[in-house]
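Novice: Please construct the entire structure, taking both the sequences and the accompanying hints into account.
Top to bottom, those sequences are chains A and B.
Position 119, counted from 1, in the first sequence is what numbering that gives the first Met the number 0 calls 118; the numbers after and before it change by one each time, with no gaps.
Position 403, counted from 1, in the second sequence is what numbering that gives the first Met the number 0 calls 402; the numbers after and before it change by one each time, with no gaps.
Please keep in mind that the hints were generated in silico from the structure rather than gathered at the bench.
Please read all numbers here as calculations on a predicted model, not as lab measurements.
Every residue, glycine too, gets a C-beta built ideally from N, C-alpha and C.
It is possible that some hints are incorrect.
Which chain A residues stay away from chain B? Per the calculated CB distances, all over 10 Å, these [said to hold, decoys possible]:
#  : residue
1  : Ser14
2  : Glu32
3  : Ala43
4  : Ala52
5  : Arg59
6  : Arg66
7  : Glu130
8  : Ser139
9  : Thr142
10 : Lys144
11 : Arg149
Only some residues are given here: those of chain A computed to face chain B with a beta carbon under 7 Å [as the list claims (entries may be wrong)]:
#  : residue
12 : Leu18
13 : Arg19
14 : Leu39
15 : Arg101
16 : Ala102
17 : Met105
18 : Ala106
19 : Tyr124
20 : Leu151
21 : His153
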Amino acid sequence: MRVRPEFEDFVHASSARLLRTGYLLTGNRLDAEDLLQTTLMRVARHWGAAETAPGPYATRVLINLSRDRARMASRRLSEAPLDEAGDPAMAEDDLSDQVARRALIMAALAQLADRQREVLVLRYYADLSVEETAAATGTSAGTVKSHTSRALTHMRELLAEPDPMEVSPDER
Amino acid sequence: MSDEVLIEEIRTAMRAEVDALEVPSAVVTRVLAAPPRSRLTLGWLMPALAVGVAAIVAVLAVTSLGHQRAVPHGAFSRIPVAARGLASQLGVLRRAQTQADVLPRWAVRETESLSQGGRVIGRLSRLVGAVHLGRYGRARVYLVVHTAQPTPLHPNHPEPPFLNPRLGDQATIAYVGPFREEAAINGPTVAAGGELLAATGHGLTAGPRQFNDLWGAVTSIVPDGVVRVKWVFDDVGAKPRHLTVWPSVRDNIALGRVPPRSQVYMSRAVWFGANGREIASFATPGRAAQARRLRRAVAASAKEPIASALVRHFALLRGSPTNDASGLSPAQVASLIEPNPLGLNIDQEQYVVYSPAPAKLFVIPGAQGVALSYLSPMVGQAAGATSDALGGSMFVVGPRISGHRMVIGLAPDGNRTVRVRLPGGHDRLVPVVDNVYAASVPIAARWMFLKNAAGRTVRLSLR
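Specialist: This is how it looks when you write it as structure tokens:
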């Protein structure tokens, strides 16, 4: 079966961006690959609706699939992940410190609420405007701005201080 | 930090994190096999169904194949054959090594010395995160792979339950820093779901500042497919309780926290895959009871007096203790004081870094004897009566390595050096520091000379 050239062009042009966005949303390469594949499949199935603006369409699909995945996971686990946070005062200039700092930022990103993580990824990784982010997430521009503000505040807290003990009395 | 600076840092981190991600060609191929369409018609129904079924089959295949799908063709060619079994289960080993992943050379030495002959595969070390150590600052966490199977450091622990120990390689977590040339190395970590890495204080320290308790940081290695981990600990401290910890999981490392300096033992670990599916669970019943017994033994040990003769003839024992029981792993402490025929006082242990060799060890005095618990360059413990220590015969000889053996021992005050008679008949002087000496001597060296507590030179056989 022949593939439309414009769809093929879109796949080649956008797959890496979608994969990387998916990775930042899920924190997991395997999940990101699954998200990418399902997203592209859906775009293919709905090409008629997507072909005028396939990029934003695919981003919206990716976000929705990511939310579905998070919902499925939350049904099975009540999770209270508490990652490590670094000490900015310890920063040194060698490469391993940069990598360690990056690891701390990514760990902090993973602790954000899903909506907050989405807006940070879309705005600062995918470089979408507030309006484009609102369209991709199905919210208003005001909501995007408030999510962004809260996300930055939360990130600042996570990166400034070590986390409180991630322990809770066992409910067994 | 201003918003702009924070945003730039987040942006840079996100880009650096994903820059190396490439789209698997199989995904593109599968997607392009699905023809796009303009609108839904009956003519499209069957192909659409076929695509849907293909997608479901693909996803199911992906799920069932697990990590095998993620192994890029060619990635294994860069991995030593002996390590491929391990690499097939730890995706972080299959990504390219960056400069930041390279374990510092001194940390390689520490890791190798603590793994008793295991050789570190330098190209397989990976920087996998950082842990915050309270006032000490931050330590980097590396995943390190050995070429040989290290001797288990905690022989009382059960067989590794999940990863196959016959892979020929073992992975270790190394914590580097925050002090220069200090690291904590955990023992064999193939028991990734078990308790080896679970409780604080189980790592072997290579530094004197109680760094090995890691300020409550707990790490464990998990294989591909594990996305969530649950740990349940029994706290046997002042307020006995259960603690549940959900560590973060990233780069095949689960990283969480328990209260610093707490006495916790893992009673259960559960691994979850995607969608909350339980992959495996590990229970270690009886560990809490064992821990309580050990706690009572430690409390009793702390009341033991130190033999006055030891204090009189060993300057090292006249100083304040340089560490406490957290410097040794619970298994090491248990083997020293359960039972405790020599009346060892674990609270009075002295940590010694013998720089000429180099060697690192604890000296544990007691009412009727003294013990050595040595960490580097070999790992083990030995104990003797007070008379042995006063007589100068308190020493251990390590296994034969490349025609040499390591000798570590205690020398009473008055010994600035210990003489080792070499095969050619001449003597080698080994310096004594803090009543401790350590040297690598030829296998053929038969005699060693030092002064006993009475000041008389004694000859000791090294065979």
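Novice: All hints, please: hold or fail.
Specialist: Here's how the hints hold up against the structure:
In this structure A:Ser14 is not separated from chain B by more than 10 Å, as the shortest Cβ-Cβ distance comes to only about 4 Å. A cut-off of 10 Å between C-beta atoms contradicts the statement that A:Glu32 is not in contact with chain B; the least separation is 6 Å. Not every CB of chain B is more than 10 Å from the CB of A:Ala43 (nearest about 4 Å), against its label as outside the interface. Chain B leaves A:Ala52 outside its interface by the beta-carbon criterion, the shortest separation being 14 Å against a cut-off of 10 Å.
Non-interface status of A:Arg59 relative to chain B is upheld: no Cβ of that chain comes within 10 Å, the nearest being about 17 Å off. The Cβ of A:Arg66 lies farther than 10 Å from every Cβ of chain B, with a closest approach of about 14 Å, so its non-interface assignment holds. At roughly 18 Å, the least C-beta separation between A:Glu130 and chain B is larger than 10 Å, which holds for a residue marked as non-interface. The Cβ of A:Ser139 sits about 21 Å from the closest Cβ of chain B, beyond the 10 Å cut-off, so the non-interface label holds.
Annotated as non-interface, A:Thr142 keeps its C-beta farther than 10 Å from every C-beta of chain B; the closest such distance is 18 Å. With 10 Å as the threshold on Cβ separation, the claim that A:Lys144 sits away from chain B holds: the shortest Cβ distance comes to roughly 12 Å. Separation of A:Arg149 from chain B is adequate, the least Cβ-Cβ distance of about 12 Å exceeding the 10 Å criterion. Contact between A:Leu18 and chain B, as hinted, is supported at the beta carbon level, the nearest pair being about 5 Å apart and thus within 7 Å.
For A:Arg19, the interface hint holds, since its Cβ comes within 7 Å of a Cβ in chain B; the closest pair sits about 4 Å apart. For A:Leu39, the suggested interface contact is upheld, since its CB lies about 4 Å from the closest CB of chain B, less than 7 Å. Among the interface hints, the one on A:Arg101 holds; its C-beta lies about 4 Å from the nearest C-beta in chain B, closer than the 7 Å criterion. With its C-beta approaching chain B no nearer than about 5 Å, A:Ala102 sits inside the 7 Å limit, and its interface hint holds.
Among the interface hints, the one on A:Met105 holds; its C-beta lies about 6 Å from the nearest C-beta in chain B, closer than the 7 Å criterion. Given the 7 Å rule on beta carbons, the hint for A:Ala106 holds: about 6 Å separates it from the nearest Cβ of chain B. The interface hint given for A:Tyr124 holds, since its Cβ lies 4 Å from the closest Cβ of chain B, which is under the 7 Å cut-off. Proximity of A:Leu151 to chain B holds as hinted, the smallest CB-CB distance being about 6 Å (cut-off 7 Å).
The interface hint given for A:His153 is violated, since its Cβ lies 11 Å from the closest Cβ of chain B, which is over the 7 Å cut-off.
Violation of the numbered hints given earlier is confined to hints 1, 2, 3 and 21; the remaining hints are satisfied by the structure.
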